[in-house]
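Participant: So the sequences go chain by chain: A and B.
The first sequence begins at 1 in the numbering used here and counts up by one.
The second sequence begins at 1001 in the numbering used here and counts up by one.
Source of the hints: derived by calculation from the structure; they are not laboratory data.
If you're wondering where the values come from, they're calculated on a predicted model, not measured in any experiment.
Wrong hints could be hidden among the right ones.
Straight-line Cα separation of at most 27 Å, BS3-like style, residue types lysine-lysine; simulated pairs [stated by the list, open to error]:
{"id": "1", "chain 1": "A", "residue 1": "LYS147", "chain 2": "A", "residue 2": "LYS75"}
{"id": "2", "chain 1": "B", "residue 1": "LYS1110", "chain 2": "A", "residue 2": "LYS122"}
{"id": "3", "chain 1": "A", "residue 1": "LYS122", "chain 2": "B", "residue 2": "LYS1111"}
{"id": "4", "chain 1": "B", "residue 1": "LYS1038", "chain 2": "A", "residue 2": "LYS97"}
{"id": "5", "chain 1": "B", "residue 1": "LYS1231", "chain 2": "B", "residue 2": "LYS1115"}
{"id": "6", "chain 1": "B", "residue 1": "LYS1191", "chain 2": "A", "residue 2": "LYS99"}
{"id": "7", "chain 1": "A", "residue 1": "LYS2", "chain 2": "A", "residue 2": "LYS75"}
{"id": "8", "chain 1": "B", "residue 1": "LYS1212", "chain 2": "B", "residue 2": "LYS1038"}
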Amino acid sequence: MKEAVHLVRLAALFAAGFVAFLVIRQMVVPAGFGKYGHFRAGALDDIRARPISYAGHGTCEACHDDQHNVLAKGKHAQVSCEACHGPQNRHAEEPDKVKPVLPDTRVLCASCHESNSAKPKKFPQVVASDHSGGEPCKSCHVPHNPKLSTEKGQ
Amino acid sequence: MTTRREAIKTAARLLVLTPAAVAYFERPTSADAPAESKYDMAKHWWAMSIDIEKCIGCGNCVRGCANENAVPRGYFRTWVERYQAPAYPDEDHPEVDSPDGAFNGFPEKKKDNAKSFFVPKLCNQCAHSPCVQVCPVGATFETPDGLVLVDQTYCLGCRYCVQACPYGCRYIHPEKQTVDKCTFCYHRISKGLVTACVEVCPTGARTLADLKDPKDPIHAFLRDNPVQVLKPHMATGAKVYYKSLDESVR
């Protein structure tokens, strides 16, 4: 019996340490940690909850199907609306309050079609200063269907 | 009288109880039940395909990404590089530039007798990511749907992962002082949209892909084209697949 006393003391010490470990662990490990791996599961919801700024072309087409019909027939069919018109989710949420501003075609068109030796050779390119001399592209081309009416295939 | 045998028995019982106690504390509670959403992580495995032959270096993806994710100017979650690989015998020493990450596209820079092309870059969402392996606190992790994400509330800003990423895809956010990187627009793709860079790419050079979707065009893309990932020798399990990638690209 006498020998057992220090064993009991030791066991009590270990038990107290174990309880302290569990209490501290409960306090410092965030909820959901380890659910999917070595991370806080709630972080996934945090990231998913961030706001969007590009509505996606599906949202645009829901109202602007007239424009989409023109676009779909031309060379720019695969270009999504917000590639040129910019992020429009706020406009999509409040169509009357937030009005998009039309981009300047002199800048906009050149951002893709300005000639550059590293661009794929088959991509249509011009040197804008030679091609139009500062005239806005939309004086001749309709951006949604940019082929000139005199060109073949119109 | 407590014998040594009894003391050992008690200790053994305590040992058996430990996992039970752990299980008790880790039991699912209502607090960490998933929010009501239709998005099922188990049904997706995200990837991206990039067609080098379609990239025109316009920088729309870089601007779109910055708009969507409030990326501070001068930092990039995605950027575009221009490679100009000279002819033999210097083809292994390409000239690479990316003025302002291609935020405003590329000014013309002619290089005679060189193979020139653009390479869009972003996080490769590695399946065996070196950045996740080095994080000391579990702030960066691989998700069940194949993304590498960062828990902004948990990151210490120690920069281990910035060093570990072989693709240079991470930066320390100048205000938050935590690490930041491409999330594949997780807030968009979990709602059924595509990433901002894919949405605004005018030539369709980038395509978001879900490898777990049997109808996704990625399967035909991988089957029908010569496809490469960046730094395959590092075995990172990169999931951004490049078509027509030149051997000079690092």
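Participant: If a hint holds in the structure, say so; if it does not, say that too.
Facilitator: Verification of the supplied hints:
For the proposed pair A/LYS147 and A/LYS75, the alpha carbon gap of about 8 Å is at most 27 Å, so the pair holds. A distance of roughly 18 Å separates the Cα atoms of B/LYS1110 and A/LYS122; the hinted pair therefore holds under the 27 Å criterion. Only pairs whose Cα atoms come within 27 Å are accepted, and A/LYS122 paired with B/LYS1111 is accepted, the gap being roughly 19 Å. Restraint check for B/LYS1038 and A/LYS97: the C-alpha separation of about 31 Å exceeds 27 Å, so the hint is violated.
Distance restraint check for B/LYS1231 and B/LYS1115: the Cα-Cα separation of roughly 20 Å lies within the 27 Å cut-off, and the hinted pair is therefore satisfied. In summary, the hint linking B/LYS1191 to A/LYS99 is supported, as the alpha carbons are separated by about 25 Å, within the 27 Å threshold. The hinted pair formed by A/LYS2 and A/LYS75 fails the criterion: a straight-line CA distance of about 95 Å is larger than 27 Å. For the suggested pair B/LYS1212 and B/LYS1038, the alpha carbons sit about 17 Å apart, so the restraint of at most 27 Å is met.
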